[in-house]
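In order, the protein sequence lines correspond to chains A and B. In this text, residue positions in the first sequence follow my numbering: the first is 282, and each later residue adds one. In this text, residue positions in the second sequence follow my numbering: the first is 282, and each later residue adds one.
Among these hints, one or two may not hold up.
Pairs count within a copy or across copies, as identical chains cannot be separated in the list.
Computed list of lysine to any residue pairs in SDA-like fashion (alpha-carbon distance at most 20 Å, straight line) [what the hints assert, rightly or not]:
1) Lys612 - Met439
2) Lys576 - Asn520
3) Lys714 - Ser638
4) Lys356 - Asp417
5) Lys612 - Arg421
6) Lys356 - Val694
7) Lys433 - Ala502
8) Lys356 - Pro420
Think of the hints as simulated: they come from the structure by calculation, not from any bench.
Protein chains: 2
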Amino acid sequence: MSSDDLPDQGKIRPAPESFLDSDLIESISRHGVDHRRRGLLQSAFGAAVAAMSGAVVASDQDILTLPEWSRTLGKPVAANPYGQPSIYEQNIIRRQSPGLTQTDQASVAFTPLQNMFGMITPSGLHFERHHQGWVDIDPRRHRLMINGLVEKPIVFTMEELMRMPSVSRLHFLECGANTALEWGNSAVPTVQYTHGMLSGSEWTGVPLSLLLERAGYDKGAKYLLAEGADGSSMTRTINMENALDDAIVAYGQNGEMLRPEQGYPLRLVVPGVQGVSWVKWLRRLEVGDMPYATKDEASHYVDLMPDGQQRQYTAIQEAKSVITAPSGGQKLQNRGYYNITGLAWSGRGTVTKVEVSVDGGRNWREARLDGPVLPKMLTRFHADWVWQGETALLQSRVHDSTGYIQPQRADLVAVRGTRSIYHNNAIQTWRVKSDGEVDNVQLG
Amino acid sequence: MSSDDLPDQGKIRPAPESFLDSDLIESISRHGVDHRRRGLLQSAFGAAVAAMSGAVVASDQDILTLPEWSRTLGKPVAANPYGQPSIYEQNIIRRQSPGLTQTDQASVAFTPLQNMFGMITPSGLHFERHHQGWVDIDPRRHRLMINGLVEKPIVFTMEELMRMPSVSRLHFLECGANTALEWGNSAVPTVQYTHGMLSGSEWTGVPLSLLLERAGYDKGAKYLLAEGADGSSMTRTINMENALDDAIVAYGQNGEMLRPEQGYPLRLVVPGVQGVSWVKWLRRLEVGDMPYATKDEASHYVDLMPDGQQRQYTAIQEAKSVITAPSGGQKLQNRGYYNITGLAWSGRGTVTKVEVSVDGGRNWREARLDGPVLPKMLTRFHADWVWQGETALLQSRVHDSTGYIQPQRADLVAVRGTRSIYHNNAIQTWRVKSDGEVDNVQLG
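Just chain A, same shape as in the assembly:
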């Protein structure tokens, strides 16, 4: 990947050379002095400017350069009936990693984590991972069948599903191959490419347990096959335990219908489990009594261990965290305070603590968490940092409600080797160099 491929990382820019921008300064002379009443408020702006250290007294020229948006009639409501981001944010997009896969339909487009806030991923920036491209399904023609070990096979229309009792819950979604290239010494340059197969959304749909009950599933059945309607007919085995716990047959994401790239009109949501099992364009659920060993869980999505054996059905996404800013490809443009921020999550429960280190793991301090901290959902963390120009090694590590602590890369590699593609939840290290540039390094 060349530097030309790098997105605008929303660089952390310096303070401007002059503290004041004459664009916003208005003349004192044109207004009165009472700053308590509207209509004279411009005067307060000017008076305050005059009172400031190093202040610039506005000239008529400054008035003429009052920003156009403060002088003109704006755009009407519903100019965009479905709104879009600002024209100044056009670089904040999901991006395909060049050369990662042989075809663009069986590929990945990553979420720009370095530019994002909070725990919600806007659906327009939700990562994509398709196996035969994404499709535009007509919801009037889409059906969901439940068959196999059931009393009565049943087929649902979308209208039938959307009339049933529904739930909305916030959960993270992470591809099992997220951070895959870090198994090697790839030094993928940015957090968009190292961790960008990750999202947090509010999912809405019918509890899977309710649909299984309605079909009269065999209480001895231990597995479920989920099948998608795209050309790849993605199929995955789901543990009945997960299915009956908190899985959702979802049609809604972040308040509206699923996006086509996310499985419109129907997707399986299996909280805590890797993304490939959240089958998109869901058309069939089959109840069974043994794992199905489909192509997507036998030849793919298995973890190659150092001894040549494979871990199969490694479904749960273990606890993991990453600093999203400052992160690789960004540049600190001057010394001083920075808010180190990132995301933490666990497929086994709730984040209980996040720690941040600026010296490669020698010293840790507890980060501040934005609430609510929810099970199997992203948690945003923050840590204060004053950068004095030294080389720094930024790391985060999460603790979850099972007592598990995110491992250092060396400890994970000691057990799992480096031959796998999947389930890399090691601590990520970002190096801040003395010139402020941030890059991706692997310690040990």
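Once you have looked at the hints, place chain B on chain A.
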């Protein structure tokens, strides 16, 4: 408003005439019988179909009509670097209410609540209320000044603000004029137009208290003036109590930068307070010792009482709820089970209970709430209902953590009259007629 102006309300459609859709049925004859292994899975679909009551045995013609999305290569990843809703959802948009205002720049576009799920409003569907249109501000040229009763007036660039400690929190935003037309006998036809100046978002930014501390605000000061950078120079008085409690100078919404229509790059977030105080395109905060009585809080956004006096500075949005489906303009197309669903919120705290009535308030039962239930945020509720074809009067009422209960319209009108525009939090009634059509009625 004529019926031609009504949006597609996402009608609650009947079950299809045939239980099965031949589009999805594949031939049995072409495949084996082992339903446990991928590659032979189509056979299971066919076998299940054959086993079903009233099943249709698939013909070769059915195979030929397997949906195109299951037979073709889909679209590549990042085909839309910033994703969009499905082409089948093009009617789910925000809509201006025709004739509501004299110019489209000082108007409203409403959120399609009848089609939405959960508590998050996708930013593309967030309602718009502008006073002189919306503007595209260049964030490099935008500044925030804090002046007035402060030790040192200060001007921030966006870069400076975005380096500071930040918080992300989920809060509702409701225009004080939401449900305004219900003060009269308007019978606005749909929930999009009755309650669609409402949203729930995750907001990210700098705590206002931190910025005030940094400017050295006068601890005796009781008020703050917030001023926008658009042509209307929207100005509002904010109580210092609200400012220091949970207000945020926000640049992020739902994980990304604010949208231009929502104040990009900077907006004041004042949880629980009416939307007009969440000043968009925020450029200045002035600390003061008395309310400012600006045009936007003296001649507008005041509540005209029956005796001709005005309630001023009625900032807090009282507890309120509304059923979003079934709702006005929808049609129940057959009898049977429906999931009554809606939203509840309180500007004074947390929703503690929502009750639903199907007989105009004679009998109530408690609704199920989707968690997490958060302070000053929307809460999604659900209630089971089996419709037998009778005329029904659907209502919801919320209780909040202060003990307040949402009033019936007659009780609210008895105190406040019908001359106001603002702060109508009365219980909403939707009538389901015997033909299944739903309309807006006012009781008593």
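Each hint tested on the structure:
1. Lys612 - Met439: between (48 Å within a copy, 16 Å between copies)
2. Lys576 - Asn520: For Lys576 and Asn520, only the intra-copy Cα distance (17 Å) is at most 20 Å; the inter-copy one is 62 Å.
3. Lys714 - Ser638: within (15 Å within a copy, 64 Å between copies)
4. Lys356 - Asp417: between (32 Å within a copy, 9 Å between copies)
5. Lys612 - Arg421: between (50 Å within a copy, 17 Å between copies)
6. Lys356 - Val694: Neither. Shortest intra-copy (56 Å) and inter-copy (36 Å) distances fail the 20 Å Cα cut-off.
7. Lys433 - Ala502: within (15 Å within a copy, 70 Å between copies)
8. Lys356 - Pro420: Close across copies (18 Å), not inside one copy (34 Å); limit 20 Å.
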